[in-house]
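**Student:** Quick note, the sequences are listed as chains A and B, same order. Each residue of the first sequence is one higher than the one before, counting from 2 in my numbering. Each residue of the second sequence is one higher than the one before, counting from 8 in my numbering.
Heads up, a few of these hints could be off.
[To be verified] Result set (PhoX-like, lysine-lysine): computed pairs, CA atoms no more than 25 Å apart in a straight line:
no. : chain 1 : residue 1 : chain 2 : residue 2
1   : B       : K334      : A       : K34
2   : B       : K334      : B       : K379
3   : B       : K95       : A       : K34
[Said to hold, decoys possible] Stretches of chain B that chain A covers, calculated by requiring three or more beta carbons in the stretch to come under 8 Å of a beta carbon on chain A:
no. : segment
4   : 48–59
5   : 215–227
6   : 314–320
7   : 354–364
8   : 377–388
9   : 406–417
Simulated from the structure, these hints should not be mistaken for lab results. In this text, all values refer to a predicted model and were calculated from it rather than measured experimentally. Here a beta-carbon is modelled for each residue, glycine too, at the ideal position from N, C-alpha and C.
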Amino acid sequence: MALEKISAITGSAVYVPGNDIDTDRIIPARFMKCVTFDGLGEYLFYDVRKDADGNDRTHPLNDERFKSATILLSGANFGCGSSREHAPQAIQKYGFRGVVAENFAEIFFGNCTTLGIPCAVAARADIAKVAAAIEANPAVEVTIDVDAQAVRFGDDSIPAEIRGSARDALLNGRWDAIAELHEGVPQVQTVAAVLPYMAT
Amino acid sequence: MPKSLFEKVWDAHAVRNLANGQTQLLIGTHLIHEVTSPQAFGMLRDLNLPVLMPTRTFATVDHIVPTDQFVEPYADPLAQAMMDELRKNCADNNVTFFDRESGKQGIVHIVGPEQGITQPGTTIACGDSHTSTHGAFGAIAFGIGTTQIRDVLATQTMALGKLKVRRIEVNGQLHPGVYAKDVILHVIAQLGVNGGTGYAYEFAGTLFDSFTMEQRMTVCNMSIEGGARVGYVNPDQTTVDYLQGRPYSPTGADWDAAVERWLGFASDPDCSYDDVVVIDAANIAPSVTWGINPGQGITIDQTIPDAAIATSDDEKSSIIEALEYMKLTPGAPIKGTPINVAFLGSCTNGRLSDFREVAKFIAGRKVADGIKAIAVPGSQIVAAQCEKEGIDKVLSEAGFEWRAAGCSMCLAMNPDKLIGDQLCASSSNRNFKGRQGSTTGRTILMSPLMVAAAAVTGHVADAREVFEVGEPVLA
Chain A
2 MALEKISAIT
12 GSAVYVPGND
22 IDTDRIIPAR
32 FMKCVTFDGL
42 GEYLFYDVRK
52 DADGNDRTHP
62 LNDERFKSAT
72 ILLSGANFGC
82 GSSREHAPQA
92 IQKYGFRGVV
102 AENFAEIFFG
112 NCTTLGIPCA
122 VAARADIAKV
132 AAAIEANPAV
142 EVTIDVDAQA
152 VRFGDDSIPA
162 EIRGSARDAL
172 LNGRWDAIAE
182 LHEGVPQVQT
192 VAAVLPYMAT
Chain B
8 MPKSLFEKVW
18 DAHAVRNLAN
28 GQTQLLIGTH
38 LIHEVTSPQA
48 FGMLRDLNLP
58 VLMPTRTFAT
68 VDHIVPTDQF
78 VEPYADPLAQ
88 AMMDELRKNC
98 ADNNVTFFDR
108 ESGKQGIVHI
118 VGPEQGITQP
128 GTTIACGDSH
138 TSTHGAFGAI
148 AFGIGTTQIR
158 DVLATQTMAL
168 GKLKVRRIEV
178 NGQLHPGVYA
188 KDVILHVIAQ
198 LGVNGGTGYA
208 YEFAGTLFDS
218 FTMEQRMTVC
228 NMSIEGGARV
238 GYVNPDQTTV
248 DYLQGRPYSP
258 TGADWDAAVE
268 RWLGFASDPD
278 CSYDDVVVID
288 AANIAPSVTW
298 GINPGQGITI
308 DQTIPDAAIA
318 TSDDEKSSII
328 EALEYMKLTP
338 GAPIKGTPIN
348 VAFLGSCTNG
358 RLSDFREVAK
368 FIAGRKVADG
378 IKAIAVPGSQ
388 IVAAQCEKEG
398 IDKVLSEAGF
408 EWRAAGCSMC
418 LAMNPDKLIG
428 DQLCASSSNR
438 NFKGRQGSTT
448 GRTILMSPLM
458 VAAAAVTGHV
468 ADAREVFEVG
478 EPVLA
């Protein structure tokens, strides 16, 4: 199965400010009581989006102006904490196709890449520029250009790095590694054969 | 050329280079549980792929199990569905499942070591970020997502970029009343919650040389809270002694060969590191968190930070956000903060030595009125040993509820949850907003003995004073 080559993501964007937004915040643990990822989208950021009675709080994702956003902007250390893939799955199922942040927690970054979600790293001041542009005009078209490593918005553009192996994987349709890993199985058996603990 | 343990283990498991520059890395040991594996088995079915090496995956159930209900079906049908799915996936794919009937069930990071499945020089993966725990044995252990669980099931490998290695050398001895938990909270407070991004942490120095395996596990467990996906301690005689006689440990001539091989994985003395941090163990004091991430920590004698101390706008806004959520007063001593719940347990501090230490000091004392206190052993084996030693009785008499093994209130995917804005003195690993099951619930992370001190006094307290541990130490 050939994977899509992801060279750019274009759409409207929403800015969710804050640093150290952890995976419990992205998808609270109680919503992980499931055996499929279907339906996780509606629980994205649930506890910061909803009050105890399930009513909307003030949150960018509840703002009508940003309802159709497909690009998520945030702060530093985005996705820290748990390894739960439920977090990027919820982001994707909600409708986001790319994330721009100051930096990402490592496991989260890898999980996103494996799902074909580009995670672009940009400077705080630059993210603030994009945030200001979408605040002024929520419909402004934003593009995460994976190839050029930039985020374009309106007539402006900021540098946005996508780490080497992830960029290559996205651009060449190799972000889901399973096919390539599977090709290597004969060599896997060879490496395993010389490790005594693998014999049991 | 001299190499670190990380490089040696990596090189022994590197299968080939992938087109994107990553490495296809053999994962020798795969651990699974009920929360993150069902979807992976589903993906495997969709791709019509079998589990490549079923004997190298081991399963247990931990996150969703009720700790006060032993008989299925569980009251929560969603929890039961996850349990059923795991049981079926293991049976269909010939994967060993340490369920409750086996007597070996428990938190996955406690089960692996106690079965002797976790061994030096191996690669381990598990769909859980606290997989770094297994690094205590000199294994390279990765927390992974569900798609990677699929990759490991189908190919026994995953695609990974090589990490850098930071040696964190802690020398000297801890003062009485200071524990492994304080060491890792100190490291995280010093290096930050994302200071370890891109690194494996090698914990070394004379303190780690003197540490037991359980102490090493507590520290490695929370590597990820400092942003480091991997943390490890070089294997030594302590490691070997721990593993001798465990169910999955080699025996006879294989044992001798294994020991020699294991010790050979230790970092070469003259190997180079990408970074080195040196810490004096004598400077570490009992630590508690005051905020909403594990890096927001202070020592027990300090006061709750004021946003005015912030050196950046970022720090200022995170202090304000944390104080608002925690409902704490800046400038006030953390000591004396009233608590509602005391939780002993988790993959960080749910081992035999944790309960032994608490029992030693809490005997004859009582949990303060109005405090809900629960003690949750990390595994059925820990529970059985505690019960054999009478630790369960000591804790029960003190007023702790003695529960069955599981993750319990660490992340509250089971009936053990905070209610409303209850404040919990917790021996677990994360104090994120809502972590313990209530969207306004509050968590203060600390060592097990500090949890016990909070339980008996009803507020955050210095265990050294409450239990007269050693000589009082000025911070």
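**Student:** Each hint should be assessed against the structure and marked as holding or not.
**Tutor:** A quick look at each hint next to the structure:
1. Taking the CA atoms of K334 (chain B) and K34 (chain A), the gap is near 30 Å; set against the 25 Å cutoff, the hint is violated.
2. Among the hinted pairs, K334 (chain B) with K379 (chain B) is consistent with the structure: their alpha-carbon atoms are about 20 Å apart, no more than 25 Å.
3. A hinted pair counts as satisfied when its Cα atoms are at most 25 Å apart, and K95 (chain B) with K34 (chain A) qualifies at roughly 17 Å.
4. Only when three residues or more bring their CB closer than 8 Å to a CB of chain A does the claim for the segment 48–59 of chain B stand; here the count is 4, and the claim holds.
5. Counting residues of the segment 215–227 of chain B whose beta carbon lies closer than 8 Å to any beta carbon of chain A gives 0, which falls short of the minimum of three for the stated coverage.
6. Interface restraint, the segment 314–320 of chain B with chain A: violated (0 residues with C-beta to C-beta distance below 8 Å; minimum three).
7. By the rule of at least three residues with a Cβ nearer than 8 Å to a Cβ of chain A, the coverage given for the segment 354–364 of chain B is violated, with 0 such residues.
8. Under a criterion of three residues with beta carbons nearer than 8 Å to beta carbons of chain A, the stated coverage of the segment 377–388 of chain B fails, only 0 such residues being counted.
9. With 0 residues having a beta carbon nearer than 8 Å to a beta carbon of chain A, the segment 406–417 of chain B misses the requirement of three or more and the stated coverage is violated.
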